[in-house]
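When the letters of the sequence shown are read in order and numbered with the working numbering, they come out as residues 1 to 317.
Hints were generated in silico from the structure; no laboratory data involved.
Remember, it's a predicted structure, so these values are computed and weren't measured experimentally.
We put the CB at the ideal spot given by N, CA and C, even for glycine.
A portion of the hints provided could be inaccurate.
DEER-style ranges, computed between Cβ atoms [as the list claims (entries may be wrong)]:
hint	residue 1	residue 2	range
1	R168	V194	14 to 22 Å
2	G143	F235	37 to 45 Å
3	G31	S76	16 to 24 Å
4	Q33	R301	20 to 28 Å
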Amino acid sequence: MARIGLVLGAGGSVGHAYHAGVLAAIEEATGWQPNAAEVIVGTSAGSIVAALLRAGLSAADLANSSLRRPLSAAGSSLMARVGRRARLDSPGPQHADLGRGPASPSLLLRPWGVRLGALAAALLPSGTVSTEAVAAGVRAIYGKGWAERPTWICALRLDDGRLVAFGRKGAPPAAMAEAVAASCAIPAYFQPVVIGGRRYVDGGSHSVTNADLLAGAGLDLVVVSCPMGATRDAFAMGIDLPVRAGVRARLAREVDKVRRAGTPVLTLQPTREVRAAMGNNPMDPRPSSAVTRAAHDSTLRRLEDEDVLERLAALAI
Numbered sequence: 001m002a003r004i005g006l007v008l009g010a011g012g013s014v015g016h017a018y019h020a021g022v023l024a025a026i027e028e029a030t031g032w033q034p035n036a037a038e039v040i041v042g043t044s045a046g047s048i049v050a051a052l053l054r055a056g057l058s059a060a061d062l063a064n065s066s067l068r069r070p071l072s073a074a075g076s077s078l079m080a081r082v083g084r085r086a087r088l089d090s091p092g093p094q095h096a097d098l099g100r101g102p103a104s105p106s107l108l109l110r111p112w113g114v115r116l117g118a119l120a121a122a123l124l125p126s127g128t129v130s131t132e133a134v135a136a137g138v139r140a141i142y143g144k145g146w147a148e149r150p151t152w153i154c155a156l157r158l159d160d161g162r163l164v165a166f167g168r169k170g171a172p173p174a175a176m177a178e179a180v181a182a183s184c185a186i187p188a189y190f191q192p193v194v195i196g197g198r199r200y201v202d203g204g205s206h207s208v209t210n211a212d213l214l215a216g217a218g219l220d221l222v223v224v225s226c227p228m229g230a231t232r233d234a235f236a237m238g239i240d241l242p243v244r245a246g247v248r249a250r251l252a253r254e255v256d257k258v259r260r261a262g263t264p265v266l267t268l269q270p271t272r273e274v275r276a277a278m279g280n281n282p283m284d285p286r287p288s289s290a291v292t293r294a295a296h297d298s299t300l301r302r303l304e305d306e307d308v309l310e311r312l313a314a315l316a317i
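Starting from the given sequences, assemble the full structure and let the hints guide the process.
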């Protein structure tokens, strides 16, 4: 059986909806089930989706949940355990009290070799909102445990600015609910999550995808769903152009590292139509259904491209 790696990037509520459309389209077009991936790498919103997939939720049910359509019996049972879907609410300025001082002043004194996003997380004040709303749904599925199959949940260790992929060999022990909460802990909004005595914040502060973790992992294909990127035709849209351009450039470097290690990569990023559905606030859940539909349709079209067909063959092995 082919060994497929799945990378699910950050992107807030809109990103969750994007993943749902992308994964449902892949499952529909190829028959490959994303929850059966050899390894899943999840960052921020992608960590929530990773946890749901590893709990047994199908891509079709993930999309149906976003579209507010009936789920399968298995999907309904799982989501009933979860309760109200974990959702990242839009940060309000009242939570970003810049007068409280930096969250990690010690890191600012030794910034060498630390990524800019990590330095920004250190400079911003600690958030005040609990991550319990994020953790509760995951805890209802996993308790204090972890997924049975390899699942790497990315968070930034605030004290030294280093990426930690919980669930990966050598990472500190953590419950799935703790790791997902840490991966989603947006700096200056959510409180850092303490695991093993260390503070962690949103893994997107290091990279919104962290796809290069899979370089040299011996996989037959890596599939990357990146809600915060953009295809070339989408770059004329939205006020977040500099952010998306930066994400696209970093993802290209990560993908190059994976490919140089011998693994083909299929990247999926929002097209012009998807960007139009997303709007400019990734934390706003209202566009979710429109985003899922647009992502599903654009992914089906992408999977028909000649340059993709050879890579898709791995999904059928």
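Outcome of the hint check:
1. Checked against the hint of 14 to 22 Å, the C-beta distance between R168 and V194 comes to roughly 20 Å, which is consistent with it.
2. At about 44 Å, the CB distance of G143 to F235 agrees with the hint of 37 to 45 Å.
3. At about 23 Å, the CB distance of G31 to S76 agrees with the hint of 16 to 24 Å.
4. The given range of 20 to 28 Å is respected by Q33 and R301, whose C-beta atoms sit roughly 21 Å from each other.
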